[in-house]
Amino acid sequence: MRSITISKLYEDRHEDFQLEVLSDSLESKREITVSDINRPGLALAGFVENFLDERIQILGQTEVLYLKTLSAKGKRESIGRIFQFTLPCIIVAKGLEPPGELLELAREHTVPVLRTPLSTTPFIHELTAYLDVVFAPQTVVHGSLVDVYGVGLLFTGRSSVGKSECALDLVERGHRLVADDVVNVTRRHEKFLIGTSSEILRHRIEIRGLGIIDVKSIFGIRSVRLQKRVEVEVKLQDWSETEDCDRIGLEDRMTEILGVEIPIVIVPIIPGKNITVIAEVIALNHLVKAYGYHPAREFDEKLMQAIHRKRLQDRLVRDDWE
Amino acid sequence: MIERTITITSDPGIHLRAAAIFVKEAGRFRSTIWVMKDGIEVNGKSILGLVSLVAEKGSSITIKADGEDQDEALTSLSSLVENRFGE
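Protein sequence lines correspond, in order, to chains A and B. According to my numbering, the residues represented by the first sequence are 1 to 322, in order. According to my numbering, the residues represented by the second sequence are 1 to 87, in order.
What the hints contain is simulated information worked out from the structure, not anything from laboratory work. Backbone N, C-alpha and C fix where the C-beta goes; we use that ideal spot for every residue, glycine too. Incorrect hints may appear among the rest.
[Claimed, not checked] Calculated lysine to any residue pairs in the SDA-like style (CA-CA distance at most 25 Å, straight line):
| no. | chain 1 | residue 1 | chain 2 | residue 2 |
| --- | --- | --- | --- | --- |
| 1 | B | LYS24 | A | ILE270 |
| 2 | B | LYS57 | A | ALA136 |
| 3 | B | LYS24 | B | GLU68 |
| 4 | B | LYS24 | B | GLU3 |
| 5 | A | LYS8 | B | SER59 |
| 6 | B | LYS24 | A | LYS68 |
| 7 | B | LYS24 | A | GLU256 |
| 8 | A | LYS68 | A | ALA136 |
| 9 | A | LYS94 | A | TYR10 |
| 10 | B | LYS64 | A | GLN237 |
| 11 | A | LYS8 | A | GLU256 |
| 12 | B | LYS64 | A | GLU256 |
| 13 | B | LYS64 | A | THR156 |
| 14 | B | LYS37 | A | LYS94 |
| 15 | B | LYS24 | A | ALA136 |
| 16 | A | LYS94 | A | ARG202 |
| 17 | B | LYS37 | A | VAL317 |
| 18 | B | LYS37 | A | ALA136 |
| 19 | B | LYS64 | A | PHE123 |
| 20 | B | LYS37 | A | GLU31 |
| 21 | B | LYS37 | A | SER25 |
| 22 | B | LYS57 | B | ASP38 |
| 23 | B | LYS37 | A | ILE200 |
| 24 | A | LYS273 | A | GLY174 |
| 25 | B | LYS57 | B | ARG30 |
[Stated by the list, open to error] One-sided and incomplete, this derived list gives chain B residues near chain A with beta-carbon spacing under 10 Å:
| no. | residue |
| --- | --- |
| 26 | ARG4 |
| 27 | ILE6 |
| 28 | THR9 |
[What the hints assert, rightly or not] Anything over 10 Å on all C-beta distances counts as not near chain A; from chain B, calculated:
| no. | residue |
| --- | --- |
| 29 | GLU25 |
| 30 | GLY27 |
| 31 | ARG28 |
| 32 | GLU41 |
| 33 | SER46 |
| 34 | SER76 |
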């Protein structure tokens with residue numbers, strides 16, 4: 001299971017969230033493993049069943065106001081209820097002043113306490129958004145990702161099938177390279193995929209016979225992109241192995257990456273075939289479909305109408321005994 | 001599919017030249033080759049894939065081979081890493 005430390009959270013976001021450390025250190029017995037957060041109001045009031053102790057605990061105005069109504073003994077008792085669990089950390093929102101008892105108990109149990117001046121709800125949204133990215137499912141795809149007319153095309157296929165050459169050719173025609181050979185794909189919001197390159201390889205391509213080239217230094221800033229949504233997989237396949245390539249395009253074939261379905265186009269290749277132009281057309285065809293026009297289906301419909309008309313005419317001529 | 005985990009012993013780790021030597025050897029086999037480090041798996045026939053692992057001395061990598069000549073491939077590639085890429 002993936003996890004991040006409280007120090008990492010602080011390091012990444014303390015400027016945006018204007019985090020202030022109220023405890024002595026950021027050391028914690030538990031790391032953050034989930035992107036959800038919890039407001040411990042009910043637990044403070046006495047209901048600890050189903051208490052979500054693995055989550056970051058956020059204290060807002062309600063919690064702080066409630067604690068204020070209690071006596072010193074009551075506060076210790078109430079706060080003690082949540083500290084019977086091992087908590088990753090506590091964040092006080094809205095710049096509120098937590099009771100001294102909270103800081104004492106937090107120190108005793110080695111739970112870091114942070115404070116942000118941001119209002120509780122917007123802060124929770126931003127924190128969850130950050131944690132969602134941190135815990136988003138990731139995978140590495142062997143392929144090349146290029147932004148072609150704004151469509152993220154992911155080229156896949158066996159080694160040395162020509163993915164990199166295709167990417168280079170597309171860059172030369174004004175399209176933008178995201179990653180070559182190693183594409184890090186992250187799932188966002190359960191429904192779309194974002195591809196980036198690994199930091200060390202960024203915008204480098206290996207071309208057989210030439211070696212490793214740096215696309216940004218040769219073609220300039222407009223030839224590259226840091227990340228792009230992965231929208232269509234283009235699988236390059238040897239002609240001899242291709243039995244199942246689509247000849248009419250009526251059905252949209254789908255493939256799955258990290259549980260997200262995207263269309264896949266299988267392109268059989270032979271020497272001398274211009275994959276680049278085909279790739280551009282794949283991107284444009286995807287756009288046309290996204291705008292609600294399906295060329296193959298539209299054509300099929302026209303054809304059916306023509307057949308129907310022809311049949312009517314034939315019948316008319318056949319039954320015409322005048 | 002078979003696999004083996006090996007510790008990198010060469011001083012510079014898997015640098016560009018070492019990756020090229022590995023890929024050249026991997027390319028001799030029909031089997032699919034994967035190399036894994038820290039949960040990230042890359043194609044063993046890709047130089048950029050291998051160097052993206054940033055495998056330093058002392059770290060361990062897992063080589064996986066799958067195909068008709070997988071045994072031969074795994075033996076050959078493992079010994080290449082163990083012999084510090086013949087350097």
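Here's how the hints hold up against the structure:
Of the pairs offered as hints, the one joining B:LYS24 and A:ILE270 holds, with about 24 Å between alpha carbons and a cut-off of 25 Å not exceeded. With a CA separation close to 30 Å, the supplied pair B:LYS57 and A:ALA136 exceeds the 25 Å bound. Distance restraint check for B:LYS24 and B:GLU68: the Cα-Cα separation of roughly 18 Å lies within the 25 Å cut-off, and the hinted pair is therefore satisfied. Restraint check: the Cα-Cα separation between B:LYS24 and B:GLU3 comes to about 19 Å, which is no more than 25 Å; the hinted pair holds.
Straight-line distance between C-alpha atoms of A:LYS8 and B:SER59 comes to about 23 Å, which keeps the hinted pair within the 25 Å bound. Restraint check for B:LYS24 and A:LYS68: not satisfied, since their Cα atoms lie roughly 70 Å apart, outside the 25 Å limit. Of the supplied pair hints, the one linking B:LYS24 and A:GLU256 is violated, its CA atoms being roughly 31 Å apart against a limit of 25 Å. About 38 Å separates the Cα atoms of A:LYS68 and A:ALA136, which puts this hinted pair outside 25 Å; it is violated.
Proximity of A:LYS94 to A:TYR10 is assessed by CA-CA distance (about 17 Å); at most 25 Å being required, the pair is judged to hold. The straight-line distance between the Cα atoms of B:LYS64 and A:GLN237 is roughly 23 Å, inside the 25 Å bound, and the hint therefore holds. Proposed proximity of A:LYS8 and A:GLU256 is contradicted: the alpha carbons are some 32 Å apart, above 25 Å. A distance of roughly 23 Å separates the Cα atoms of B:LYS64 and A:GLU256; the hinted pair therefore holds under the 25 Å criterion.
As the CA atoms of B:LYS64 and A:THR156 are separated by approximately 20 Å, the hinted pair is consistent with the 25 Å bound. A C-alpha spacing of about 43 Å is found between B:LYS37 and A:LYS94, which places the hinted pair above 25 Å, so the restraint is violated. Of the pairs offered as hints, the one joining B:LYS24 and A:ALA136 is violated, with about 35 Å between alpha carbons and a cut-off of 25 Å exceeded. Proximity of A:LYS94 to A:ARG202 is assessed by CA-CA distance (about 40 Å); at most 25 Å being required, the pair is judged violated.
Pair hint B:LYS37 plus A:VAL317 does not hold up; C-alpha atoms about 75 Å apart against a cutoff of 25 Å. Simply put, B:LYS37 and A:ALA136 have alpha-carbon atoms about 20 Å apart, close enough for the 25 Å limit, and the pair holds. With a CA separation close to 45 Å, the supplied pair B:LYS64 and A:PHE123 exceeds the 25 Å bound. Distance hint between B:LYS37 and A:GLU31 is fulfilled; the C-alpha atoms sit about 23 Å from each other, no more than 25 Å.
As the CA atoms of B:LYS37 and A:SER25 are separated by approximately 32 Å, the hinted pair breaks the 25 Å bound. Between the alpha carbons of B:LYS57 and B:ASP38 the distance comes to roughly 14 Å, so the proposed pair stays at or under 25 Å and holds. For a cut-off of 25 Å, the pair hint linking B:LYS37 to A:ILE200 stands: about 15 Å separates their Cα positions. For the suggested pair A:LYS273 and A:GLY174, the alpha carbons sit about 20 Å apart, so the restraint of at most 25 Å is met.
A threshold of 25 Å between alpha carbons decides the hint, and for B:LYS57 with B:ARG30 the separation of about 29 Å lies outside it, so the pair is violated. Contact between B:ARG4 and chain A, as hinted, is not supported at the beta carbon level, the nearest pair being about 20 Å apart and thus beyond 10 Å. Taken as an interface hint, B:ILE6 does not check out: its beta carbon lies about 20 Å from the nearest beta carbon of chain A, beyond 10 Å. Given the 10 Å rule on beta carbons, the hint for B:THR9 is violated: about 22 Å separates it from the nearest Cβ of chain A.
Annotated as non-interface, B:GLU25 keeps its C-beta farther than 10 Å from every C-beta of chain A; the closest such distance is 13 Å. Chain A draws B:GLY27 into its interface by the beta-carbon criterion, the shortest separation being 7 Å against a cut-off of 10 Å. The claim that B:ARG28 lies off the interface holds: its Cβ sits roughly 12 Å from the closest Cβ of chain A, which is beyond the 10 Å cut-off. Remark: the non-interface label on B:GLU41 conflicts with the geometry, its nearest Cβ contact in chain A lying 6 Å away (cut-off 10 Å).
For B:SER46, the condition that its CB be more than 10 Å from all CB atoms of chain A is violated, with the nearest at approximately 5 Å. No beta-carbon of chain A comes within 10 Å of the beta-carbon of B:SER76; the shortest separation is about 17 Å.
Checked against the numbered hints above, the structure breaks hints 2, 6, 7, 8, 11, 14, 15, 16, 17, 19, 21, 25, 26, 27, 28, 30, 32, 33 and satisfies the rest.
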